[in-house]
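Using the hints, build the complex out of the two chains.
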Amino acid sequence: MPAGVAWVKSDRQRERERVRRSRARRSASIATASTFVFAVLVAVVVTNAPGWPRVREKFFNGEVFADALPDVAAGFLLNIKIFLIAEPCILVVGLLVALARGVRTPAFFPIRALATLYTDVFRGVPTILVIFLIGFGLPGLNLQGVPTDLVTLGIIALTLSYGAYVAEVFRSGIDSIHPSQVAASRSLGLSHAKTLRHVVLPQATRRVVPPLLNDFVSLQKDTALVATLGPLEALRQAQIHVAESFNYTPYLVAALLFILLTIPMARFTDHLAERTRRRRGA
Amino acid sequence: MSLLTIDGVWKHFRGNSVLRGIDLEVRPHEVVSLIGASGSGKSTLLRCVNLLETVDDGVILLDGRDITDPRVDVDDVRKRLGIVFQAFNLFPHMTVLDNVTLAPRRVHGVPRAQAEERAHDLLTRFGLAAKARAYPDQLSGGQQQRVAIVRALATEPMLMLLDEVTSALDPALVAEVLEIIRELKQSGMTMILTTHEMGFCRDISDTVCFLDDGVVLEQGPPEKIFGDPEHARTRDFLRVVLEARRL
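In order, the protein sequence lines correspond to chains A and B.
The opening residue of the first sequence carries number 1 in my numbering; numbering runs sequentially from there.
The opening residue of the second sequence carries number 1001 in my numbering; numbering runs sequentially from there.
Just chain B, with the same shape it has in the complex (with noise of 0.2 Å):
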C-alpha cells in the first residue's frame, strides 16, 4: 500500500493554475524526486502536502487518511510529518538544540532530558556535536541546513519532504548535505524531494518526476527519465539543465 497518494490535485493563485490534475504515488521507503522548470508547480506539490496550501481539488491521502479533508487537524497530520525548505528557517534566537528539541518537547511532550538526548544522538550522527550550543548565525549554510533536517527527524516523521534544500547553498557545501540525504535513504526513510542536482537526483531516486506546467509530464525510474525520456519537453529541460552544469 502507498504511504502517500495523490489523486487529481489542482491549485489555483490568483486565476492561476499552478497544479493541474496531479497523481503520484510514494510507497514506504521510497525517494521520489520532482524535476522540472521554476514555476512547475514542484514547491506547491510540497505545500500542498504539508497541508501550508490548501488544494482546490483532488485528494491526498496519507497512510490510508484522506488530509484533506476540511475537518481534519492539521496540527496532527503535520506532526507525522517533516519539512526541509531552501532557505533553511532555523530560528534564530534559538541554540541548534533547541531548535531542534522544540518539536519533541511542545508538541509530542518529550521530557527535555529525553528530547535532548535524542537530539545529542541525531547531531553526533550528523556530524553536529560540537554544534549544540551554537547559534544558527554561527554556522555556515552547510550546517544550517543539516541542522534543519535533524529538526524534522527529531520527530520521526513518517515522510520527509525536501524542498530544493541545497539550492541556497555554496557548491562547496552542497555534498555534506546530500551526504546526509543519502544516509537518511539508506536509514529506510520515505523521501520526496524537489531539486536542481540532477546528479544527485538521478543516484538517489527510486521515481523520477518530471512536471511541466502543473501536470507530471513523464515518470519513472531515474535511467527511464534520464537515459530515454520520451517527451521532447522532458529532453529539453534536461539538455538545457545539463548544459548550464557544464559551463
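Just chain A, with the same shape it has in the complex (with noise of 0.2 Å):
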C-alpha cells in the first residue's frame, strides 16, 4: 500500500464496533441487573427481620429525622471547621517530622531521636486518649498561654495524634525516591537541603497524595472524637436528641452528614489514583 493513503473504515471495522458496542451494553446491563437484584435481596431480608418494625421506629423515624437535622447540620459546621484547621496543621507538622527523621548530621541526633519518639508515641495510643489527655490534662497544668478552649485542644489532639501517621506517609514517599534521583541532584552541586527542596520533595509529594487523602478521609470522620470533650458537634448534639426523644434517629442524621462530606474526598482519590496510573500507562 503507496504511503500518504488515507483510511477509509472497513465493512470488517464497522462490524467489529458494533459487537464491541453490543458487548459493552450487554455487561452494562448485566451490572444494573445485578446491582438492582442485591438491592432488592438487602431490603427483603432486612424488611422481613423480626425485630424491623420496631427498628424503623427507633432508627428510622421521619419526624425524629427532621426535628434533628438543623441542630445537628449546625453542629456539623464545627466538625468541618475543626477539619479545615487541623488538616493544614498536620501537614506541616508531618512534613517536619518526616525530614526530622531523615537528619544524617552527628549534630543534629537528637531531633531525629524526638521525631522517633513522636511517631512512636503517637501512633501507639488510641487517637480517643490523645483527646483525653490533651483536653483534660494539658489545661490542668494552669500554664500561662495555655489554651483552655475544648476546640483548640481537640484541634490539637487531632494534629499530634494523625501528625505521627501523616509523617510516615511522607517518609515512605522520600524513601520511594530512587538514589539516583539524589546522585544526579548532588553531582549538580546542590546541596542535601536543596536536593530535598528541588528534587526529592516534589516526587515523593506527588506520590504520597492518594494515601494522604485517605488519611484525610479517616480525619474527617474523627473530628467526631472531639464530642467526648464537650463541644457541641454533629455528634454530640445527635446525642443530645437522642436523650431527648429516646429515638436514634439522630445518630442516623449525623452519619448521613459524614458520609456526604467522606463521599466526595473518596471519588476525588479515586480520580487521582486513576489519573497517574493512565499517564504510568500512556
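Among these hints, one or two may not hold up.
Claimed, not checked - Quick list of the computed label-pair ranges, beta carbon to beta carbon:
(1) A/Phe60 x B/His1093: 23 to 33 Å
(2) B/Arg1112 x A/Leu190: 44 to 54 Å
(3) A/Val92 x B/Ser1140: 25 to 35 Å
(4) B/Arg1245 x A/Arg280: 43 to 53 Å
(5) B/His1029 x A/Leu190: 49 to 59 Å
(6) B/Arg1245 x A/Val92: 52 to 62 Å
(7) B/Ala1134 x A/Ile80: 20 to 30 Å
(8) A/Arg280 x B/Arg1239: 34 to 44 Å
(9) B/Pro1111 x A/Phe60: 52 to 62 Å
In case anyone wonders, no lab produced these hints; they're calculated from the structure.
The C-beta atom is built at its ideal place from N, Cα and C for all residues, glycine as well.
Below is the structure:
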C-alpha cells in the first residue's frame, strides 16, 4: 500500500465496532440488573427481620429526623471547621517530622531521636486517648498561654495523633524516590537540603497524595471524637437529641452528614489514582 | 500456509496514524525482521500481534484464526505467543526459576516438578543453570534478557516476538543474546523481531521489512534490502544507521 493513503473504515471494522458496542451494552445491563437484584435482596431480608418494625421506629423515624436535622447540621459545621484547621497543621507537622527523621548530621541526632519517639508514641496511643489526655491534661497544668478552649484542644490532639501517621506517609514517599535522583542532583552541586527541596520532595509529594487523602477521609470522621470533650459538634448534638426523644434516628442524621462529606473526598482520591495510572500506562 | 497473516492493519493514537495499512506474511520457521526509524511503527505492530494494542482496522490471522475479532479470548491467543521486551520486564520479586515457571504452572496447569524440570533444561541450554535461584537484580543485563527469552520459550509458543531485545544492553552483552536468537532460529522457531543491529539482522533474517511512517515501504530477502534497496528512503535509512555504527 503506498504512503499517504487516507483511512477508509472497512466493513470489517464497522462490524467489529458494532460487536464491541453490543458487548459493552450487555455488560452494562448485567451490571445494572445484578445491582438491582442485590439491593432488592438486602431490602427484603432487612424488612422481613422480626425486629424490623421496632428498628424502623427507633432508627428511621421521619419526624425525629426532621426535628434533629437543623441542630445536627449546625453542629456539623463545627466538625468541618475542626477538619479545615487541623488538616493544614497536620501536613506541616507531618512533613517536618518526616524531614527530622531523615536528618543524618550527627550533631542533630537528638532531633532525629525526638521525631522517632514522637511517631512511636502517637501512633501507639489510640486517638481518643490522646484527645482525653490533651483535652483534660493540658489545661490542668495551669500554664500561662495554654489554650483552654475545648475545640482548640481537640484540634491540637487530632494534629498530634494524625501528624504521626502523616509523617510516616511522607517518609515512605521520600524513601521511594530512587537514590539515582539524589545522585544526579548532588552531582550538579545542589546541597542535601536543596536536593530535598527541589528534587526529592516534589516527586515524593505527588506519590503520597492518594494515601494522604485516605488519612484525611479518616480525619473527617475522627473530628467526631472531639465530642468526648464536650463541644457541640454533630455527634454531641445527635446525642442530645437521642437523650431527649429516646429515639436513635439523630445518629442516622449525623452518619448521613459524615457520608456526604467523605464521599466526594473518596471519589477525588479515586480520580487522582486513576490519573496516575493512566499517565504510567501512556 | 502462513503462520501469521497481517492484512491492512491500521492503528491510530490520538488522531495520529501509527500504522497505515500494514500487510505482512510470516511462514512457519521463518525469521522476519522489522527495521525502520524510531516511531515508524515497528513496536506498535508487535504489540498489535500480541493484542496489547487493539487494531483500528484490518485483520491479523494466527494459524488461520482471526485474532482481531472482538469475541476472541485474548489470554488464549497470548498463550500461544512469546514476547520479549526491550527492558526485559522480569518480575523482580521472583527467582529466575519462578519467573520461568510462572506461566507454565499458572496458565498451562503444568505440575511444579515438571515445569521446573523443563525450566532447568532450558536454563541449562542457554547457560543459565547456575542462576536458577538468583533474583533478577543479581544478574547482568545480558543474563536478564536471556532469562526473559527462556521465560517466553517455557510455554512453547508457536511464534516469538522480539522487540529490540538488545537495545538496552551494553555492547559487550549484546553478543550473548544474539547467540541465543541464532540458536532459536536453528531449532526452527518462527520469529518476528525489531532491531537496530543491522549486521545481525542481515545474517539471521529470511525476510527484512523496512517500515517507514506506518507502512511497509519495502520487503524482501536481506541481500536485496541491504544490497540493492529500491526506495531512496530505505537507502537513506541504511546509510545513516551504518554510518552511525562506524563512528
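Numbers of unmet hints, in rising order: 1, 3, 4, 7
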